[in-house]
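Going down the list, the sequences are from chains F and A.
In this text, residue positions in the first sequence follow the numbering used here: the first is 1, and each later residue adds one.
In this text, residue positions in the second sequence follow the numbering used here: the first is 1001, and each later residue adds one.
Source of the hints: derived by calculation from the structure; they are not laboratory data.
Where hints are given, some of them may not hold.
What the hints assert, rightly or not - Cβ pair distances, simulated, as ranges:
hint : chain 1 : residue 1 : chain 2 : residue 2 : range
1    : F       : Gln345    : A       : Ala1131   : 20 to 30 Å
2    : F       : Lys348    : A       : Gly1243   : 48 to 58 Å
3    : F       : Ser225    : A       : Glu1304   : 40 to 50 Å
4    : A       : Arg1357   : F       : Val405    : 40 to 50 Å
5    : F       : Ala39     : A       : Gly1343   : 44 to 54 Å
6    : F       : Gln17     : A       : Arg1371   : 48 to 58 Å
7    : A       : Asp1167   : F       : Pro359    : 44 to 54 Å
8    : A       : Arg1047   : F       : Gln345    : 21 to 31 Å
9    : A       : Gly1343   : F       : Pro199    : 52 to 62 Å
10   : A       : Gly1197   : F       : Pro283    : 53 to 63 Å
11   : F       : Gln345    : A       : Gln1273   : 27 to 37 Å
12   : A       : Arg1357   : F       : Arg282    : 34 to 44 Å
13   : F       : Ala171    : A       : Arg1330   : 20 to 30 Å
14   : A       : Arg1047   : F       : Leu146    : 39 to 49 Å
Said to hold, decoys possible - From chain A, some residues computed to sit far from chain F (all C-beta separations above 12 Å):
hint : residue
15   : Asn1133
16   : Glu1153
17   : Pro1157
18   : Glu1168
19   : Gly1243
20   : Arg1272
21   : Gln1273
22   : Arg1276
23   : Ala1297
24   : Glu1304
25   : Glu1331
26   : Asp1376
No residue lacks a Cβ here, since even glycine has one placed at the ideal position from N, Cα and C.
There are 2 protein chains.
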Amino acid sequence: MNDSLSDHEALHKGMPQTGNRLLADVSLPAAVIHEPALAHNLAWMQRFCEDHGARLAPHGKTTMCPELFHRQLAAGAWGITLATASQCRAAFHHGVNRLMLANQLVGEANMAIVAGLIEAGADFYCVVDSARNVDQLARYFTARDLRLKVLIELGVPGGRCGCRDTDEVMALAERIDSEQALVLSGLEGYEGVVHGGDPERAVRAYAWQLVEAAQALERDALIESPQPLITASGSAWYDLIAGVFREARLGSQFVPVLRPGCYVVHDHGIYRQAQREVLARRPELERGLKPALEVYAQVISLPEPGLAIVGMGKRDVGHDQMPEPLRRYREGDERLHPLSVEGWQLTKLMDQHAFVRLPEEDEEPANGNGRVRVGDIVAFGVSHPCLTFDKWRRLCRVDERLEVVEVMQTCF
Amino acid sequence: MNDSLSDHEALHKGMPQTGNRLLADVSLPAAVIHEPALAHNLAWMQRFCEDHGARLAPHGKTTMCPELFHRQLAAGAWGITLATASQCRAAFHHGVNRLMLANQLVGEANMAIVAGLIEAGADFYCVVDSARNVDQLARYFTARDLRLKVLIELGVPGGRCGCRDTDEVMALAERIDSEQALVLSGLEGYEGVVHGGDPERAVRAYAWQLVEAAQALERDALIESPQPLITASGSAWYDLIAGVFREARLGSQFVPVLRPGCYVVHDHGIYRQAQREVLARRPELERGLKPALEVYAQVISLPEPGLAIVGMGKRDVGHDQMPEPLRRYREGDERLHPLSVEGWQLTKLMDQHAFVRLPEEDEEPANGNGRVRVGDIVAFGVSHPCLTFDKWRRLCRVDERLEVVEVMQTCF
Chain F
1 MNDSLSDHEA LHKGMPQTGN RLLADVSLPA AVIHEPALAH NLAWMQRFCE
51 DHGARLAPHG KTTMCPELFH RQLAAGAWGI TLATASQCRA AFHHGVNRLM
101 LANQLVGEAN MAIVAGLIEA GADFYCVVDS ARNVDQLARY FTARDLRLKV
151 LIELGVPGGR CGCRDTDEVM ALAERIDSEQ ALVLSGLEGY EGVVHGGDPE
201 RAVRAYAWQL VEAAQALERD ALIESPQPLI TASGSAWYDL IAGVFREARL
251 GSQFVPVLRP GCYVVHDHGI YRQAQREVLA RRPELERGLK PALEVYAQVI
301 SLPEPGLAIV GMGKRDVGHD QMPEPLRRYR EGDERLHPLS VEGWQLTKLM
351 DQHAFVRLPE EDEEPANGNG RVRVGDIVAF GVSHPCLTFD KWRRLCRVDE
401 RLEVVEVMQT CF
Chain A
1001 MNDSLSDHEA LHKGMPQTGN RLLADVSLPA AVIHEPALAH NLAWMQRFCE
1051 DHGARLAPHG KTTMCPELFH RQLAAGAWGI TLATASQCRA AFHHGVNRLM
1101 LANQLVGEAN MAIVAGLIEA GADFYCVVDS ARNVDQLARY FTARDLRLKV
1151 LIELGVPGGR CGCRDTDEVM ALAERIDSEQ ALVLSGLEGY EGVVHGGDPE
1201 RAVRAYAWQL VEAAQALERD ALIESPQPLI TASGSAWYDL IAGVFREARL
1251 GSQFVPVLRP GCYVVHDHGI YRQAQREVLA RRPELERGLK PALEVYAQVI
1301 SLPEPGLAIV GMGKRDVGHD QMPEPLRRYR EGDERLHPLS VEGWQLTKLM
1351 DQHAFVRLPE EDEEPANGNG RVRVGDIVAF GVSHPCLTFD KWRRLCRVDE
1401 RLEVVEVMQT CF
């Protein structure tokens, strides 16, 4: 695929090629995925889901990277979750056949995209939470002579989308039942917007609420799909959701589907912390996920004592949390000898620049660790991945020798 | 160009087409540029620069949109400013011949990009602020048998890149003078990182410091270029920089070059405030810049009283400052009748969702203004533009009838 890039595409930032050495040949800044950690994460989450009797439909909005979708499917994923109709179209075009839009499908232009995918053979699901949207979807898909599989979203008061209680779910199910164009296919939720004094208890309670609402739908024979789904889970609480779904023994009634997205490259910040909590709750889970995504950039100026300016900014990296300097290399170093960044602190990001405070010893003459120089390459850990991926049209997948083994494209 | 889009490119979010009606045919969310405001801004800033005897080299990193570069050049811009070697390559590929990299050129992979541009005929400038970078550049461009035009960057203590005083500038100029491969071509600064109790006074003082350092370089015959440049100015203080450059009567010695970027689509937040201050300082400047960039998105859920969830998130819009709801339309309304968003407040952005608090009356039965519905389209004002453009591969340029007259691509 990389050989057939058009001229236009070849001009986006980075433009690395397979075989490039990250420390010598690649225009920096560049976003980097480490293959060993990636392979570990793909296998780890797949096994986690299988051990819990759940299917995995990774949230693809995290990466919007078809090559990663293919890796996820090859590892055993059941489908790919997405957040918008446009994202579904991009995934389908790149060979993903089972698509879960974990979001409302609103607007005729977006419905037209989805109708096209269904006509082309996609196995497509989306969610609904309002009578008006049910009516809009029924009108549109009836006119197109298509049937649309929908899941009802159950949310929480003060949360994001979704019905606020089981009564609303049941009323909406009756309305869907009356529309020939719509096929009620299960229940959807997202525990990431649940809040409460004890978040763990609140997430578990929400998971049970999902189970009970799903069972109520089935009891009243409102579910039309022969293989209905029950689905929830982002990247922080998947163990609790999977645990409740397993305890509820839903296997024969519902297919449980988990939808974490960030796991694939994990994280150096908020989800690493979430992962520590998962492992504390579930000590039987051996070795957790490994951070696989880094951004490499160069020191471009050392204008005064204690300050390094690095050529990386908000254009290059997610900044819900400040990127973390991990290691430093001398440009071109073929031994890949990591130099210290101890005490380095990223204090400010502008659009294209990062300000790094250096400890005093970095201003002293060279020692064994290598005093910082203009041109030094710094590897940064990032958080969270969704808002880093969307800043790159292509990322470098590298092996242990920091050689580019694949240039991965994104489809934002 | 839009007709020849490859399949792959046709799949990125939005995917609008010329002739689409924004309120009916375009998959939302979409980024929108209003032609009347755009045309006004292009002419306004060009005239401002000409009135001050300065050249305009708009910062292209704001938009990275070749169609906008062409509009800026057609309006009379002298060249395009950029922030990275990759950006310079993209601009040159799209027909921009005069490129100012207002940043350090660091790393052999980046130098290789620039060497290629110079060999292909680009009129290229970059900045330097360290002896080590001078040595790196001299070594690389000597080996390539090319000459590189450089400007010395003068910064401020506690600022970003740049020499910290005139002595450092002079010492660096001597070093450049000794390198055959480097052509000292002027002085560069960026007043956006100047700080002090009275920012206006601090920016003017800094502008005078630039003038004096430039004159010192000329006095000592350290400038090699026959047409040396003096350049500064972002999008907030350009009037002060232009004013000092005009007062200094540099015309015969130096070509003054201003580099604002955001002006082209202006802003609904921080730069609108900056513009108010420009007009307060300079009342003779008639009617200032007009905000031209908006993001359109749909209400996807009204899950509880007082809350609307809109299908737009951090993936779609800059969020240094919260987007501002401006107007609302009913989907498909051919009369383009704007409905009220009075009292609407965007309180939270997630990756793909915005939370909007609604005033009480929006929960009451329909009134003349039109009660909010799932599917309603909301136009949001954004701040600042740089971090909105980089979230889109294509933007819709629309006319007064909200019809798409051009699909503008970006090259991030």
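Hint check:
1. Between glutamine 345 of chain F and alanine 1131 of chain A the C-beta distance comes to about 26 Å, which sits within the given range of 20 to 30 Å.
2. A hinted range of 48 to 58 Å for the beta carbons of lysine 348 of chain F and glycine 1243 of chain A is inconsistent with their spacing of about 29 Å.
3. At roughly 28 Å, the beta carbons of serine 225 of chain F and glutamate 1304 of chain A sit outside the given window of 40 to 50 Å.
4. Checking the proposed 40 to 50 Å range against arginine 1357 of chain A and valine 405 of chain F shows it holds: the Cβ atoms sit about 48 Å from each other.
5. Hint check: alanine 39 of chain F to glycine 1343 of chain A, Cβ distance near 52 Å, so the stated range 44 to 54 Å holds.
6. Evaluation of the 48 to 58 Å hint for glutamine 17 of chain F and arginine 1371 of chain A yields a pass: the beta carbon distance comes to about 56 Å.
7. Between aspartate 1167 of chain A and proline 359 of chain F, the C-beta spacing of about 27 Å breaks the proposed range 44 to 54 Å.
8. Distance hint for arginine 1047 of chain A and glutamine 345 of chain F: a CB-CB separation of about 45 Å, inconsistent with the stated range 21 to 31 Å.
9. With their beta carbons about 32 Å apart, glycine 1343 of chain A and proline 199 of chain F fall outside the hinted range of 52 to 62 Å.
10. With their beta carbons about 56 Å apart, glycine 1197 of chain A and proline 283 of chain F fall inside the hinted range of 53 to 63 Å.
11. For the pair glutamine 345 of chain F and glutamine 1273 of chain A, the supplied restraint of 27 to 37 Å holds, since their beta-carbon distance comes to about 30 Å.
12. For the pair arginine 1357 of chain A and arginine 282 of chain F, the supplied restraint of 34 to 44 Å holds, since their beta-carbon distance comes to about 38 Å.
13. Hint check: alanine 171 of chain F to arginine 1330 of chain A, Cβ distance near 25 Å, so the stated range 20 to 30 Å holds.
14. Between arginine 1047 of chain A and leucine 146 of chain F the beta carbons are some 55 Å apart, a value that contradicts the proposed interval 39 to 49 Å.
15. With 12 Å as the threshold on Cβ separation, the claim that asparagine 1133 of chain A sits away from chain F is violated: the shortest Cβ distance comes to roughly 5 Å.
16. Not every CB of chain F is more than 12 Å from the CB of glutamate 1153 of chain A (nearest about 8 Å), against its label as outside the interface.
17. With 12 Å as the threshold on Cβ separation, the claim that proline 1157 of chain A sits away from chain F is violated: the shortest Cβ distance comes to roughly 7 Å.
18. Chain F draws glutamate 1168 of chain A into its interface by the beta-carbon criterion, the shortest separation being 9 Å against a cut-off of 12 Å.
19. Every beta carbon of chain F lies more than 12 Å from that of glycine 1243 of chain A, the smallest distance being close to 25 Å; the non-interface claim holds.
20. The Cβ of arginine 1272 of chain A sits about 18 Å from the closest Cβ of chain F, beyond the 12 Å cut-off, so the non-interface label holds.
21. In this structure glutamine 1273 of chain A is separated from chain F by more than 12 Å, as the shortest Cβ-Cβ distance comes to about 18 Å.
22. The Cβ of arginine 1276 of chain A lies farther than 12 Å from every Cβ of chain F, with a closest approach of about 22 Å, so its non-interface assignment holds.
23. With a minimum CB-CB distance of about 9 Å to chain F, alanine 1297 of chain A fails to clear the 12 Å threshold, and the non-interface call is violated.
24. Listed as a non-interface residue, glutamate 1304 of chain A fails to keep its Cβ farther than 12 Å from every Cβ of chain F; the least gap is roughly 6 Å.
25. The claim that glutamate 1331 of chain A lies off the interface is violated: its Cβ sits roughly 6 Å from the closest Cβ of chain F, which falls inside the 12 Å cut-off.
26. Not every C-beta of chain F lies more than 12 Å from that of aspartate 1376 of chain A, the closest at about 10 Å, which undercuts listing it as non-interface.
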